[in-house]
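Number of protein chains: 2
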Amino acid sequence: MPHLPMIALDAMGGDFGPPVVIEAASMAQKESKQTLNFKIFGDSKQIEAELKKFPDLKKHVEIIHTDKVIANDEKPALALRNGRGSSMRLAIDSVKAGEAAAIVSAGNTGALMATSKMVFKCLPGIHRPAIASVFPTKGEDTVMLDLGANLHCDPEILVQFALMGAVYARTVRGIQTPLVGILNVGSESVKGPDNVRTAASILSQVQFPGKFHGFVEGDDIPAGKIHVIVTDGFTGNIALKVAEGVADLVSLTIKDAFKSSLLAKFGGLLSMGALKRAKKKMDPRYYNGGMFLGLGGICVKSHGGMDSYGFSRAILVAADLVEQGYNDKVALELEKLMGQESFVSFDMASHSAS
Amino acid sequence: MPHLPMIALDAMGGDFGPPVVIEAASMAQKESKQTLNFKIFGDSKQIEAELKKFPDLKKHVEIIHTDKVIANDEKPALALRNGRGSSMRLAIDSVKAGEAAAIVSAGNTGALMATSKMVFKCLPGIHRPAIASVFPTKGEDTVMLDLGANLHCDPEILVQFALMGAVYARTVRGIQTPLVGILNVGSESVKGPDNVRTAASILSQVQFPGKFHGFVEGDDIPAGKIHVIVTDGFTGNIALKVAEGVADLVSLTIKDAFKSSLLAKFGGLLSMGALKRAKKKMDPRYYNGGMFLGLGGICVKSHGGMDSYGFSRAILVAADLVEQGYNDKVALELEKLMGQESFVSFDMASHSAS
Numbered sequence: 001m002p003h004l005p006m007i008a009l010d011a012m013g014g015d016f017g018p019p020v021v022i023e024a025a026s027m028a029q030k031e032s033k034q035t036l037n038f039k040i041f042g043d044s045k046q047i048e049a050e051l052k053k054f055p056d057l058k059k060h061v062e063i064i065h066t067d068k069v070i071a072n073d074e075k076p077a078l079a080l081r082n083g084r085g086s087s088m089r090l091a092i093d094s095v096k097a098g099e100a101a102a103i104v105s106a107g108n109t110g111a112l113m114a115t116s117k118m119v120f121k122c123l124p125g126i127h128r129p130a131i132a133s134v135f136p137t138k139g140e141d142t143v144m145l146d147l148g149a150n151l152h153c154d155p156e157i158l159v160q161f162a163l164m165g166a167v168y169a170r171t172v173r174g175i176q177t178p179l180v181g182i183l184n185v186g187s188e189s190v191k192g193p194d195n196v197r198t199a200a201s202i203l204s205q206v207q208f209p210g211k212f213h214g215f216v217e218g219d220d221i222p223a224g225k226i227h228v229i230v231t232d233g234f235t236g237n238i239a240l241k242v243a244e245g246v247a248d249l250v251s252l253t254i255k256d257a258f259k260s261s262l263l264a265k266f267g268g269l270l271s272m273g274a275l276k277r278a279k280k281k282m283d284p285r286y287y288n289g290g291m292f293l294g295l296g297g298i299c300v301k302s303h304g305g306m307d308s309y310g311f312s313r314a315i316l317v318a319a320d321l322v323e324q325g326y327n328d329k330v331a332l333e334l335e336k337l338m339g340q341e342s343f344v345s346f347d348m349a350s351h352s353a354s
Numbered sequence: 355m356p357h358l359p360m361i362a363l364d365a366m367g368g369d370f371g372p373p374v375v376i377e378a379a380s381m382a383q384k385e386s387k388q389t390l391n392f393k394i395f396g397d398s399k400q401i402e403a404e405l406k407k408f409p410d411l412k413k414h415v416e417i418i419h420t421d422k423v424i425a426n427d428e429k430p431a432l433a434l435r436n437g438r439g440s441s442m443r444l445a446i447d448s449v450k451a452g453e454a455a456a457i458v459s460a461g462n463t464g465a466l467m468a469t470s471k472m473v474f475k476c477l478p479g480i481h482r483p484a485i486a487s488v489f490p491t492k493g494e495d496t497v498m499l500d501l502g503a504n505l506h507c508d509p510e511i512l513v514q515f516a517l518m519g520a521v522y523a524r525t526v527r528g529i530q531t532p533l534v535g536i537l538n539v540g541s542e543s544v545k546g547p548d549n550v551r552t553a554a555s556i557l558s559q560v561q562f563p564g565k566f567h568g569f570v571e572g573d574d575i576p577a578g579k580i581h582v583i584v585t586d587g588f589t590g591n592i593a594l595k596v597a598e599g600v601a602d603l604v605s606l607t608i609k610d611a612f613k614s615s616l617l618a619k620f621g622g623l624l625s626m627g628a629l630k631r632a633k634k635k636m637d638p639r640y641y642n643g644g645m646f647l648g649l650g651g652i653c654v655k656s657h658g659g660m661d662s663y664g665f666s667r668a669i670l671v672a673a674d675l676v677e678q679g680y681n682d683k684v685a686l687e688l689e690k691l692m693g694q695e696s697f698v699s700f701d702m703a704s705h706s707a708s
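Top line first, the protein sequences correspond to chains Y and F. So for the first sequence, the working numbering puts the first residue at 1; every next one is plus one. So for the second sequence, the working numbering puts the first residue at 355; every next one is plus one.
No lab work stands behind these hints: they were computed from the structure. Treat each hint with caution, since some may be false.
With a Cα cut of at most 27 Å, we get these calculated DSSO-like pairs of lysine-lysine [stated by the list, open to error]:
(1) Y:Lys121 to F:Lys545
(2) F:Lys609 to Y:Lys225
(3) F:Lys609 to Y:Lys191
(4) Y:Lys281 to F:Lys475
(5) F:Lys545 to Y:Lys138
(6) Y:Lys138 to F:Lys429
(7) Y:Lys276 to F:Lys429
(8) F:Lys545 to Y:Lys255
(9) Y:Lys280 to F:Lys619
(10) F:Lys545 to Y:Lys280
(11) Y:Lys276 to F:Lys545
(12) F:Lys545 to Y:Lys259
(13) Y:Lys280 to F:Lys630
(14) Y:Lys265 to F:Lys613
(15) Y:Lys225 to F:Lys545
(16) Y:Lys138 to F:Lys450
(17) F:Lys429 to Y:Lys281
(18) Y:Lys265 to F:Lys429
(19) F:Lys429 to Y:Lys259
(20) Y:Lys279 to F:Lys393
(21) F:Lys429 to Y:Lys279
(22) F:Lys630 to Y:Lys255
(23) F:Lys407 to Y:Lys279
(24) F:Lys545 to Y:Lys281
In this text the structure is predicted, and so the values were computed from the model without any measurement.
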């Protein structure tokens, strides 16, 4: 492990490639408390051309050239087979080899998950990795997982997600005893499908680095009273996209309202500063960075359409996970969890049933 | 069936009871193209006291007294057993007896669904009723179902929901060939769990009163390009509540912004008219009214916390379903669907598997 945090960047992923990735590295460097170093994988000519614009960044960058890129529409299985030597694969390999502490890519999500799962493997004892992300709320930010890696989740997988989310909230967000909820169609314990009810029953009996709040509903995500929200990847992915879409719809409707009359235009002009601050509070770029939790290496996915500021936020998410030693802490807490009788008994039962 | 549309109202449901229900009936009466008549079930003293405020309404109202009310927290199974003679049950019974054409209640959702299912039964051939509601979007309003009646749905149930939604979009919303999508985690046909992929495969082969668009994602709900969105009740309920919560969060953030400085306050004042129009466009009260589709009687659930305007919208939703003969048209289209070979072969296969 290098002395200074070393982040591997896939320069060729996403809609924009090196121009966004390089500027993002420079922005993250300025924003970060610690000095960041980068290994940047991709077309060296393009990368060097962009680096010229950021002389302060250059001395913290090592370029690893490759012509090979995994296409955004490549099937994950094909990317696995044919991805060797690609910018994404080389960046992941560099983390596996201990030459970097984390990888950030805006490339093909399926390929990134499949490749990092194959190369990093799951942390010992973790059955499935999850995609986690932070959501803006009325209160404190909330982390939700899984956002799409696992369509259906057995109870013990949901319990592991709760643990992974709670360790994130504690170590990276600094919340000593994070409140953890499971997403459901009602808050009463009798509600919902078997897997969430069993997971809730386990979580209410075991000790883990958080407090189990019980079931939460869809509107509890933006309400901001729960620090960690656990769900399966099917529901989580749809909830994430509904949230993005509705935020967009409301903003657009209000923007249109300000254009609807001369008076409204003038009013909008006077309020512009305040409105911009409001917009910033819910800026999807600020919340960019899907963390692949539960793997033996740290991997963060930037949204493919993000600009430099958005990508820089994903880099900082990765840097935080590295700095706080997230993976070591998850491994430790998992060991504690798995030693508890009330977990073991459920674990056995669900294993024998599946 | 009475000559003029007769709507049965459960006056005792919801958070407010008769004061909201009676004023809502008066508002719906004024808004409706046709003259509405009401049978109002509940405490006659309270109902009469409220009716005094609306002399124009009085001649269109018949009061059926009962002291018995199903509590908001009553378990559905208990409500079924003990609900006989309650305002909700009597209102449902009056539809079954042909004395009213639809029932509207703001009471206990589980009890309302369980009771109307028991009394009305499903329409011939329909396996499960669904809760459907209309969502505001950037384009045309979208109807989504199921919003919570069925946690998990087999493919053929999703196909029936598509049909029920399409018939609604055509008959009540006047869209000749509604676009129908199934909610999923990606738009590619290989994505998602078995039940949605099989349902999509059926829908792309059968003829039904709509056009199957394929899979849609969470942000396609507010995008407003699809007229009917089909999903299971677990996902649909969570999507609905995420949408409500996020709309609320964005509105609140903007409201706060206008309070943040004197200049912003002044700007907000100037734009107030335009902002109010924007708010109206997404007013949850306007979109109130969860339709229980697929039952042998028309039942609409008003949100328990709605005011008179909101409840009046739910009454109009019921009146529309009656006026357009929704149930007869669903029955007709279902018969056509079930006669098609490409449906029958799937239907058999899934029946034998379950």
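Below or equal to 27 Å on CA atoms is what counts here, so check Lys407 (chain F) against Lys279 (chain Y).
-> Violated, at about 45 Å.
Does Lys613 (chain F) lie within 27 Å of Lys265 (chain Y) when you go C-alpha to C-alpha?
-> Judged against 27 Å, a Cα distance of about 18 Å means the pair holds.
Does Lys225 (chain Y) pair with Lys545 (chain F) here, judged by a C-alpha cut-off of 27 Å?
-> Since the Cα atoms of Lys225 (chain Y) and Lys545 (chain F) sit roughly 33 Å apart, the hinted pair is violated (cutoff 27 Å).
Does Lys545 (chain F) pair with Lys281 (chain Y) here, judged by a C-alpha cut-off of 27 Å?
-> 33 Å, violated
Pairwise hint evaluation, Lys545 (chain F) against Lys276 (chain Y), where the allowed Cα distance is 27 Å at most = 38 Å, violated
Pair hint outcome, Lys121 (chain Y) versus Lys545 (chain F) [Cα-Cα no greater than 27 Å] = Distance of about 23 Å is within 27 Å: holds.
Are Lys609 (chain F) and Lys225 (chain Y) close enough, with their CA atoms no more than 27 Å apart?
-> 20 Å, holds
Restraint check for Lys276 (chain Y) with Lys429 (chain F), where alpha carbons must lie at most 27 Å apart = Outside the cut-off at roughly 47 Å; violated.
If you draw a straight line from the CA of Lys280 (chain Y) to the CA of Lys619 (chain F), is it 27 Å or shorter?
-> 19 Å, holds
Mind checking the alpha carbons of Lys429 (chain F) and Lys279 (chain Y) for me, to see if they're no more than 27 Å apart?
-> 43 Å, violated
Are the Cα atoms of Lys545 (chain F) and Lys138 (chain Y) separated by 27 Å or less?
-> 33 Å, violated
Can the restraint linking Lys545 (chain F) and Lys280 (chain Y) be considered satisfied, given a maximum Cα separation of 27 Å?
-> 34 Å, violated
In the structure shown, a violation is registered for the earlier hints numbered 3, 4, 5, 6, 7, 8, 10, 11, 12, 15, 16, 17, 18, 19, 20, 21, 23 and 24, in ascending order.
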